[in-house]
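> Sequence:
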Amino acid sequence: MKKISIMLAEDHTMFRECVQMMLKLEPDMEVIGEARNGRDVVSMVPKLMPDVILMDISMPQLNGLEATLQLVKEMPTSRIIILSGNCDDAAVKSAVEAGAVGFLLKQDCSRDLCEAIRNVSRGGVHYSPTIAKRFIRMNPKSLGRSGKMERKSQSLTSREREVLQLVAEGRTNKEIAAELSISIKTVEKHRGHLMDKLDIHDTAGLTRHAIAAGIIECSVRLYS
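This note's numbering numbers the first residue of the sequence shown as 52 and each following residue consecutively.
The hints are simulated quantities; they were obtained by calculation from the structure and are not laboratory data.
Since the model is a prediction, treat every value here as computed from it, not as a measurement.
Treat the hints with care, since some could be wrong.
Between beta-carbon pairs, the in silico distance windows are [as the list claims (entries may be wrong)]:
id	residue 1	residue 2	range
1	Cys69	Lys240	30 to 36 Å
2	Ser206	Pro127	16 to 22 Å
3	Asp139	Cys69	45 to 51 Å
4	Asp163	Glu68	17 to 23 Å
5	Thr64	Leu99	16 to 22 Å
6	Asp253	Cys160	42 to 48 Å
7	Ile251	Glu68	36 to 42 Å
8	Lys236	Met73	28 to 34 Å
9	Met72	Arg259	20 to 26 Å
When the alpha-carbon atoms are kept at most 20 Å apart in a straight line, the in silico SDA-like pairs for lysine to any residue are as follows [what the hints assert, rightly or not]:
id	residue 1	residue 2
10	Lys54	Arg87
11	Lys53	Cys69
12	Lys98	Thr128
13	Lys54	Asp79
14	Lys54	Met65
15	Lys54	Asn88
16	Lys75	Met100
17	Lys98	Ser56
We treat Cβ as the ideally placed atom computed from N, Cα and C, and that holds for glycine.
Whenever a hint applies, use it, and build me the whole structure from the sequences.
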């Protein structure tokens with residue numbers, strides 16, 4: 052029997068290790084890779100080609116929502132389940148819009164996680180019961196077979212979202228340029244576009260916006 056191959060993308064070591072130990076008990080599943088930030092998972096998935104990715108939202112360098120957006124385009128056969136402690140409507144909607152086909156709360160039981168993994172590996176979608184009920188009540192047509200929603204036409208570009216996260220993490224323009232392999236002038240251009248689109252014109256405001264949007268957590272370590 053072919054096992055369901057799984058990749059864990061989670062920056063909290065204890066939680067990641069607990070999930071891995073739990074999944075080892077399932078005869079039809081195997082964890083084939085781990086990543087501690089979104090950038091690592093984006094680079095590792097094309098090499099490992101997992102059936103299912105368990106993705107945290109708030110990770111350093113590249114958040115889980117942006118990593119999901121990139122992977123859905125590059126690796127559509129890998130099905131993504133978001134694992135998060137945040138279940139507010141905005142977080143769930145953003146995950147669905149990014150292309151995730153599952154959303155579970157970190158406080159859900161192991162049985163729910165295993166059921167979700169099996170469901171999405173067979174082409175289905177899976178959400179925590181409380182989330183599914185609330186979402187369907189808000190919009191009965193919101194959860195289709197693909198699990199996707201129509202994205203806002205005025206959303207930031209993928210690169211702008213990357214820059215926003217790094218700015219919010221306290222990176223300098225020089226550090227962002229090195230991280231993304233672009234010039235400092237290009238970073239400045241992206242920052243300008245960010246500020247214009249969001250109508251936010253200082254770094255503190257961008258940071259507050261990133262926290263409110265769930266791009267980073269308040270507890271994320273800021274770089275000096």
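> For the pair we were handed, lysine 75 and methionine 100, check the Cα-Cα distance against 20 Å.
19 Å, holds
> Do the Cβ positions of aspartate 253 and cysteine 160 conform to the proposed distance bound of 42 to 48 Å?
Given range 42 to 48 Å: holds, Cβ gap about 43 Å.
> Can you confirm whether the C-alpha distance between lysine 54 and aspartate 79 stays at or below 20 Å?
Holds, at roughly 5 Å.
> Do the Cβ positions of aspartate 139 and cysteine 69 conform to the proposed distance bound of 45 to 51 Å?
24 Å, violated
> Does the hinted range 30 to 36 Å hold for cysteine 69 and lysine 240 at CB?
Distance hint for cysteine 69, lysine 240 is violated at roughly 42 Å.
> Does asparagine 88 lie within 20 Å of lysine 54 when you go C-alpha to C-alpha?
25 Å, violated
> Given the proposed pairing of lysine 53 with cysteine 69, does the C-alpha separation stay at or below 20 Å?
23 Å, violated
> Within 36 to 42 Å or not, the Cβ separation of isoleucine 251 and glutamate 68?
38 Å, holds
> For the range 28 to 34 Å, tell me whether the beta carbons of lysine 236 and methionine 73 fit it or not.
Violated: the Cβ-Cβ distance is about 48 Å, outside 28 to 34 Å.
> Verify the proposed pairing of lysine 98 with threonine 128, using a straight-line Cα cut of 20 Å.
Judged against 20 Å, a Cα distance of about 13 Å means the pair holds.
> Is the distance from the Cβ of methionine 72 to the Cβ of arginine 259 consistent with 20 to 26 Å?
37 Å, violated
> If I claimed the Cβ atoms of aspartate 163 and glutamate 68 lie 17 to 23 Å apart, would that claim hold in this structure?
19 Å, holds
Consistency with the previously given hints fails for numbers 1, 3, 8, 9, 10, 11, 14 and 15, ordered from lowest to highest.
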